[in-house]
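K.L.:
Heads up: the protein sequence lines correspond to chains A and B, in order.
Residue numbering for the first sequence is 77 to 182, as defined by our numbering.
Residue numbering for the second sequence is 10 to 125, as defined by our numbering.
No lab work stands behind these hints: they were computed from the structure.
Being a predicted model, the structure only gives us computed values, none of them experimental.
Every residue, glycine too, gets a C-beta built ideally from N, C-alpha and C.
Among these hints, one or two may not hold up.
Just some of the chain B residues that point at chain A, by a computed CB distance under 8 Å [unchecked claim]:
(1) Gly17
(2) Pro18
(3) Leu56
(4) Trp64
(5) Asn71
(6) Pro72
(7) Phe90
(8) Tyr105
(9) Ala111
(10) Asp113
(11) Thr122
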Amino acid sequence: DIQMTQSPASLSASLGETVTIECLASEDIYSNLAWYQQKPGKSPQLLIYDASSLQDGVPSRFSGSESGTQYSLEINSLQSEDAATYFCQQHHDYPTFGAGTKLELK
Amino acid sequence: QVTLKESGPGILQPSQTLSLTCTFSGFSLSTYGMGVGWIRQPSGKGLEWLANIWWDDDKYYNPSLKNRLTISKDTSNNQAFLKITNVDTADTATYYCARGSAFDYWGQGVMVTVSS
């Protein structure tokens, strides 16, 4: 099975800053990578699919990129509503998720 | 408008079989390329994919749970189902159904507690 190593586990940032969350796949997943945002008590919401495609309705301050088996989620100009936990997920093989990154706003 | 909603027993005892239903609207599981997956999340923990079923009745299971899982669908009534046999306390979680495999729409989740 394909392992997704997500980092950092948590981070704290200020309003207006830019943050990056990373996921390293244990093998090539051919851009079959999605990013989700989950707020407490809510279902995950799809942000990015195919590594870099923005889901409809998601603000353009969210972006995804890849380099080899390393995938990144960047959030620009942090807003208060971005405080959440973020997960990556590959679906090249049977789906597996990263462990999550809890983003706190200072 | 795509919506999904899970339903389940709420609480069950160890060794019982968990039966979950996902009732959806806004798409059809008879449409080419459509699929529904089940994902669970223990309280305060991460996400674990369980199974997927596709428009052509292809089914895929998490290898670590495969022997205990059965996924099925009722296309006419826009429902998907998941059964988990021989549950124990480790199966206590919120269970979600979601569309696709890059899951673009999710249900609100249903909490399931396994307790004696």
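K.L.:
Would you mind marking each hint as holding or not holding in the structure?
P.N.:
Here's how the hints hold up against the structure:
The beta carbon of glycine 17/B is not positioned within 8 Å of any beta carbon in chain A (closest approach about 15 Å), and the interface hint is therefore violated. A least Cβ separation of about 20 Å between proline 18/B and chain A goes past the 8 Å threshold, and the interface hint is therefore violated. A hinted interface residue such as leucine 56/B counts as satisfied when its beta carbon comes closer than 8 Å to some beta carbon of chain A; here the least separation is about 4 Å, so the hint holds. With its C-beta approaching chain A no nearer than about 16 Å, tryptophan 64/B sits outside the 8 Å limit, and its interface hint is violated.
Taking 8 Å as the C-beta contact cut-off toward chain A, the hint placing asparagine 71/B at the interface holds, the least distance being around 6 Å. Because the beta carbon of proline 72/B sits about 7 Å from the nearest beta carbon in chain A, less than 8 Å, this interface hint is met. Against a cut-off of 8 Å between C-beta atoms, the interface hint on phenylalanine 90/B is violated, since the closest Cβ of chain A lies about 19 Å away. Below 8 Å, beta-carbon pairs count as interface contacts, and tyrosine 105/B has one with chain A at about 6 Å; its hint therefore holds.
Here the hint on alanine 111/B is kept, as its CB sits about 4 Å from the closest CB of chain A, short of 8 Å. With its C-beta approaching chain A no nearer than about 5 Å, aspartate 113/B sits inside the 8 Å limit, and its interface hint holds. For threonine 122/B, the shortest C-beta to C-beta distance to chain A is roughly 16 Å, which exceeds 8 Å, and the interface hint is violated.
When held up to the earlier numbered hints, the structure conflicts with 1, 2, 4, 7, 11 and fits the remainder.
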